[in-house]
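Kindly produce the complete structure, drawing on both the sequences and the hints.
Chains as they are written, first to last, in the working numbering: chain W, 1 to 619; chain H, 1 to 619; chain Z, 1 to 319; chain X, 1 to 319.
Everything labelled a hint here was simulated from the structure, so no lab data went into it.
These numbers come from a predicted model, not from an experiment.
We put the CB at the ideal spot given by N, CA and C, even for glycine.
In silico PhoX-like cross-links for lysine-lysine, where the CA-CA straight-line distance does not exceed 20 Å:
| no. | chain 1 | residue 1 | chain 2 | residue 2 |
| --- | --- | --- | --- | --- |
| 1 | W | Lys178 | W | Lys25 |
| 2 | X | Lys300 | W | Lys268 |
| 3 | W | Lys268 | Z | Lys156 |
| 4 | Z | Lys156 | W | Lys188 |
| 5 | W | Lys156 | W | Lys178 |
| 6 | W | Lys25 | Z | Lys144 |
| 7 | X | Lys76 | W | Lys423 |
| 8 | Z | Lys156 | Z | Lys144 |
| 9 | H | Lys549 | H | Lys525 |
| 10 | H | Lys176 | H | Lys188 |
| 11 | H | Lys569 | W | Lys488 |
| 12 | H | Lys268 | Z | Lys300 |
| 13 | H | Lys268 | X | Lys156 |
| 14 | X | Lys144 | H | Lys25 |
| 15 | H | Lys542 | W | Lys569 |
| 16 | H | Lys474 | W | Lys569 |
| 17 | X | Lys254 | X | Lys277 |
| 18 | H | Lys423 | Z | Lys76 |
| 19 | W | Lys176 | W | Lys188 |
| 20 | Z | Lys254 | Z | Lys277 |
Chain Z is nowhere near these chain W residues, computed Cβ spacing over 12 Å in every case:
| no. | residue |
| --- | --- |
| 21 | Glu116 |
| 22 | Ser132 |
| 23 | Pro142 |
| 24 | Val150 |
| 25 | His183 |
| 26 | Leu211 |
| 27 | Ser222 |
| 28 | Ser437 |
| 29 | Val465 |
| 30 | Gln538 |
| 31 | Arg547 |
| 32 | Glu561 |
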Amino acid sequence: MEPEVLHCSEHTVEVVSDSGEGAQKCGQIFGSVSAKMGNGVWTVEIIPAEIQPPARNAAGASGNRIRIGTQTVTNWGDRANVVVAFNEQVLLARHRLEALAEDAVIFLEDMWEKHEDEKVRAEWQAGLEELSRARYRIIRVPMEEICLTVVDDARKGKNMFALGLLCAVYTRDMAKVKAQIVHQFRSKSDEVRERNIQLVELGVRWAEEHLPFRIQVPPTESDRPMVVMNGNEAVGMGAMAAGMDYMAMYPITPATSVSHYLAEAFHKAGGVVHQAEDEIAAVGCAIGASFAGKVAFTVTSGPGLALKTEFIGLATMTETPLVVVDVQRGGPSTGLPTKVEQADLLAALFGQPGDAPKVIIAPATIEECFHSMITARRIAEAFRCVVMVLTDANLATGVQPFPRPKLDPRWQARQPDQGPVPKDTRPYEWDARSGLSRRFIPGQPEGMFVATGLSHDEASRVSYVAATNALGLKMRSRKMAVLSETLKPPEVRGDRSGDLLVVGWGSTKGAIEEAVDRARAKGLKVSSTHLTFLAPMQPGLKEIFSRFKKVMTVEINHSDELNDPFVTKENRRLSQLCWLLRAHTLVDVDCWSRCFGEPLRPDHIFGGIERMFTKGGQR
Amino acid sequence: MEPEVLHCSEHTVEVVSDSGEGAQKCGQIFGSVSAKMGNGVWTVEIIPAEIQPPARNAAGASGNRIRIGTQTVTNWGDRANVVVAFNEQVLLARHRLEALAEDAVIFLEDMWEKHEDEKVRAEWQAGLEELSRARYRIIRVPMEEICLTVVDDARKGKNMFALGLLCAVYTRDMAKVKAQIVHQFRSKSDEVRERNIQLVELGVRWAEEHLPFRIQVPPTESDRPMVVMNGNEAVGMGAMAAGMDYMAMYPITPATSVSHYLAEAFHKAGGVVHQAEDEIAAVGCAIGASFAGKVAFTVTSGPGLALKTEFIGLATMTETPLVVVDVQRGGPSTGLPTKVEQADLLAALFGQPGDAPKVIIAPATIEECFHSMITARRIAEAFRCVVMVLTDANLATGVQPFPRPKLDPRWQARQPDQGPVPKDTRPYEWDARSGLSRRFIPGQPEGMFVATGLSHDEASRVSYVAATNALGLKMRSRKMAVLSETLKPPEVRGDRSGDLLVVGWGSTKGAIEEAVDRARAKGLKVSSTHLTFLAPMQPGLKEIFSRFKKVMTVEINHSDELNDPFVTKENRRLSQLCWLLRAHTLVDVDCWSRCFGEPLRPDHIFGGIERMFTKGGQR
Amino acid sequence: MSGSQFSLLDGDVCGDERHLTIEDYSSAVPRWCPGCGDHSALGAMQRLLESEQLKREKTVFCSGIGCSSRFPHYLKTYGFHGLHGRALPVATGIKMTRPDLNVFAIMGDGDCCSIGLGHWLHAVRYNVDMVAMLLDNNIYGLTKNQTSPTTPQGHKSNTQQQGSYLPALNPLSATLGITNCSFVAQTSDWTPAHLFQTLKAAFHHKGFSFVRVLQRCPHFTAGIYQDAVRHPDNVELLTHSAGICEPEAEGLYKNHISHDPSDLHEARRLAEGGNGKFRLGLFFRDESRPRYNETRALPKYTAEEKIEILNAELDRYAV
Amino acid sequence: MSGSQFSLLDGDVCGDERHLTIEDYSSAVPRWCPGCGDHSALGAMQRLLESEQLKREKTVFCSGIGCSSRFPHYLKTYGFHGLHGRALPVATGIKMTRPDLNVFAIMGDGDCCSIGLGHWLHAVRYNVDMVAMLLDNNIYGLTKNQTSPTTPQGHKSNTQQQGSYLPALNPLSATLGITNCSFVAQTSDWTPAHLFQTLKAAFHHKGFSFVRVLQRCPHFTAGIYQDAVRHPDNVELLTHSAGICEPEAEGLYKNHISHDPSDLHEARRLAEGGNGKFRLGLFFRDESRPRYNETRALPKYTAEEKIEILNAELDRYAV
Ligand SMILES: Cc1ncc(C[n+]2csc(CCOP(=O)(O)OP(=O)(O)O)c2C)c(N)n1
Ligand SMILES: Cc1ncc(C[n+]2csc(CCOP(=O)(O)OP(=O)(O)O)c2C)c(N)n1
Ligand code: SF4
Ligand code: SF4
Ligand SMILES: [Mg+2]
Ligand SMILES: [Mg+2]
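What follows is the structure, encoded as structure tokens:
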């Protein structure tokens, strides 16, 4: 009998296992193959809390969510439609997080039912009981049993079996699957590669023999060349495309993999990843390198950003170009190291004691992670300032295809000028209007000067003269005004006026837009806009806001709820962009935020939008 | 002939010399004696840029400004009425800063006119030429010559001569003067003390023989006991009055003298100043001490605050009580170490990556420096949170009399509870409404728990569960709402409604109020209000603001000027409190700020107020 | 470190009275990889707590961030799991204000020797009475395989993929280079009895006791200590009547070096190694060094006494 | 450190061609107190620049914050007067990316040994080719008289008014305790010729050269080095053909110790002192240690070559 074929424009798949069982690899290959077939793809890692959590533990659920579509996929979606789970505990974790669609199809390893350990059997029983209250379609799969026909330790094989199963369900191109396996395991032996392919085939076979359905998410034909990577790789690649070749860092989750990537890539392309003794030294080395002629950069996350606070102020004061990438994670303090949050915006903007104007950019997609590095380098150099690039854990580990960038030699930093400095120019010869000045680089004859974090005059001489201090402050601030004049107002998606405008920044763009589209489909007059520059702000915001009855931000950071005890409209602590926009536009911008250590789901945002309408919002 | 007596309700005196010539000591004694006689007094140090600047150099001007009055004096005033200068160069420094009244009386050492060094003679000539363009009354005094009759090195004697001169001019109580000299030089020999008194007498005699005028600033009789000290001493004393006995710090101007004071005072009163290896260790030790049962504190300034960023986030997350005193100085970066600025407000509030709610208090007077430490300790302990106390270089080194505090044993922290923790209570057993919880202290049986900066549940177990993370964020934030409910709206000085409300914070209070009083005297409808709590904000601001046509802040930090190139109403970077108030109240608050490395002068503020009226402000 | 003679604070009457077992000192189930050397260190520490019958409420474990820094969570005592590299300042603040507490600091090699190096060597100098244990797996574990200062030259990691560029830092030599250093020992996770005896000596030492534990990380640096684990010949044991005496290790390891731990120069020479052998034992001890916490102990006044003193202080400033 | 053999970057044709005098290397008038030892160190440094005829535009002085850190302002070279304690990271970043530059780092004792200790000892380990000079006046000068780690025990300051609690840190021992250390010398401000020769040896050493200068601060620690200044007997000079040979000092100071600077253990022993004498000279030198900046030098590609490489890289990620 021919299996039934379900046609869908998009579908969301999860693979979850104990840590170490390789579900992530399975998900990655499935995602890459889908991208290569021409599907839109968005991949998010499901990361356990510990390096080696105990087996069969909800807190240890490890894996991947892969959302594929006919068109571009811009976010991780709402709930998973298909799940492969290696035990019922990790499945329960996802269930309890409401990560699964009501009618999800679940492929569940069932070896636990007859496990020798009584406790395990009891857990299985209780687990299935809990799950039975939902309306999932659970399909039991004897993965262990089948894998053991090929490998000794099924923990090392199930992931490939699962991959085969999924590839059969979604009728993936098996040649591409095999090619991808060969690529992924390129550093392993032939034997390993062959065994993995064998396991995949077992998965395919089992599906063919047992499953009465297939799912079709047809790809879009396109001859635009695409690349697929995660946000940290895109940051690294963007830096190289911008000609940056000195990166100093100290390991910190979820930023570290930028350095892993670059340690490899720089080896080929020329460049150094300097793992310094701490974050302070890392940013100090980057500033030294920039002073010596580079535009150097450093990559970090919350706690590391905190440590760089003082040096960032020095870079601002000495007008040394510097790019700081902050891959935001859950905070405050050590917080949730592997999870996403967007709560470093105000620290990035205001962290430095004293007035330290700087530029803040937030890429919204993995493609923008790439391009933002090129923009950041250029601004840092032209404006002799610090540019902060705020990404987050969602972008860092998410994988998405995007049009292959056409590399342009003009993106690259030029070799530092080593010709003599024109007579009688000074190292901070601020243009009286723009505050811009020429950068002197060691090696340039006649350019000798001493950079200093003390108040200084145009010749970089330490000066405690009142007017000199005021002039320096003014000139450093002025550069931001100049930059802001070159920016364009953000685009409004949807009608240019209406009842509600949703404003976002960073990685939430796709989810917000999907939610807004849904709301519009339901007849709500909602539009959205997404900010790329957070400092200086893009122009026109107040005017745009004025066309809507209400404005709200959607963010992944904390805000108080108005109906909570003691919280009043007056003392309510608001989300970070919301706060900035209120000061900037004087519009009564509201916010809807969630700080659940995971990307936002379109359906949750949709709920937030609806509430704004039904309750008249929280104005 | 009897000298003419000028009667004044207040007068401003400056003593300026090369660094090392002791003008500061002269000014301090003059100020203290005046305070002890019952005058209102405000003293500000004039600090040179270097430890040992070259002699006769404008950048090296060192000394004191002392403003005395019949009533309480709340700020350093506008321009000096009487000046004693040890050479024309330091006088020129003050002249060029427009620090001297048009008709100032200047006592100037004139040995330079006939100096053996030709260069010096030429400088003198040029200097007097420059000064002659003003309308000062310059009285030449052969200080060196006279002092040499008593001491070998006149550089070590002129200051006492100058003191005598001033005491004669202002008819100070000579018994009090002598007593004060004995006190100041208590660690020196009898001989030194006697010689100093002799020099003072020479100064008095010279004045009696040469000056046809005296200045009377009558004191107010009062039997309220008063004390007189600077803001850093007041912080130290307040901390002791609050029962805090562990202070960890790292030296940094202008905060260091708190530790100098406490190193001495704790030796008597019991307590430890721990000079740690750096600012990070200092705050870490303070947090350790607080965890162990104290409410410990640390004292720092801009660059040090930057380094403490990460640990402050940890204290917030672990809900460890901590008081951080930030004595603000000129920034950004190393900036102007000895000079005043109010530009750490946003860094204090938003410095931490992630959401780290905390309390910020800004004392406005030296008396408030004392009391704010008592408040800070209490809040930090009751709310298990970080309290930042923002003072500045002006308060730190300024000297002012204030009513002697009546020490209260209830101000003192109690010995940490060492009784057993009640059964089944948990270390973060947040009250669901208020977010408050009971603090467990090592030594308490049954209280064993592990504090952690990771997301944690009520038992302080590390938890990556979405809802737990959200709960922690909510509870830590809630405490601020609770605290805000206990605060009172700020008082409005002047009419409760009008054309303009001036809002300030911190050390500028006296100057703002004096400026506003002047404006009101000229018929302008201006009132002022001063904020003590910056986070959470005091209630009622929006309502208060609504009663005025315009609202502006007056601050010592940078703001762009609207008529500057490229600066628009949209991209203008505003003063720090201004920014906060706009977001908080949505009122179009404007700002007038000056960042000249010195306290604000009432006449400058008055100018800012006037401009707001004449130009219709910058709305 | 022996904290029992201090009793600054009252009210500890209802602490642990009965004999406490290892279980009493155990908290959550450790979440380290199977075979991780941290398990063994935890076991030895629990044995120490049990054998010394330390009051749980009077004992505090401080740590930074890293696999190793999870340590406090697995003990039923007070704990402070703070910031990466900053266990020691917190521990110092605790001990300075609460000399009655037993204070331990647990650090990883990135934690202690990279980001925390400044605090570490200053703590050696302060010589505040506590036990500091370095769990040295020669790698960044928690963040997944980056080079640490103690990573052997040439060893590949995610950040130094061509192999570590520099020879490994020697934490013993570094410690011994600091004036006022008072206790330096080295032991390993695979010699649990020796590890226990070392911790015991460290605990009883008055001053800052620095113990480096050679710790296996099967996940990222499997094999680094294999030579020593497999071939007892590659181990040299420092023995001395004033040192750490532990018969099991003495039986297993035939290479003994008799070393008087009061000899600093010899300690430095031995710490240097040089023949590729791992040396375990007590390198240096000197109880005569000044202890910062003691010179700086807090006197105890009642609120009323304080007010009297403060009033005298205010008099000095009276108008 | 000898930077001349590197020439990464082009375009330096119009640098200093003529013979440069001390004046050519001098900038603003120093603002240190009269009698401050920093004047002497500056003089010796200017002599070095002159004698080596270093190109001014190819020379960078980095410093932290302190009296001593004003140093770069008084030299007509490039300079970076950065943050307190953080001269070395900046210097490291400069040298790593610009091996053609001559890099110097100037630090005070608070700067280097207190807040900067971590960077200092890591820099010793990295062994990046530069000269690091510690101007050690045993006190915080700029902030007016607080205890530093090198303050002698018992010496009173504003923060430790009963006298410093701990024995002084020995910067030589600390440096010598760090694996990969390659050059350690001590000299003094009152022996300008010896100071000059020491800087010269440091400059010619390939690797990280650590020079501690005993520096007088008449303002706050007058007298600390008086014994050595007044009584040459209290000085011991390390002499050796491979060491620092300076006849003036050798004539003045009669106590010579012949010390082979390749002997690390002896260097440590000598660094310890112990007889109250001040030892000047070269303690240790080893040019064979790996230099991080060299193992990590940047290759040079044109923008077009880079794009080619990057396109190949993108291919790996192509869909
Ligand atoms: C300020 C800061 N920087 C970086 C990190 C990320 N981080 C956590 S643990 C760690 C290093 C772990 O290595 P190690 O200290 O050797 O401990 P191990 O995991 O090997 O026991 C790092 C870099 C952090 N949490 N905080
Ligand atoms: C982060 C930071 N902390 C503290 C300071 C204040 N500060 C400036 S110089 C200095 C110490 C000066 O002593 P030292 O390093 O020995 O140099 P010296 O003045 O004696 O030459 C301190 C603590 C600072 N500028 N920045
Ligand atoms: S990664 Fe290494 S150090 Fe961390 S728990 Fe696993 S074995 Fe232990
Ligand atoms: S205070 Fe000391 S170190 Fe500073 S300039 Fe004066 S003498 Fe030199
Ligand atoms: Mg480690
Ligand atoms: Mg010093």
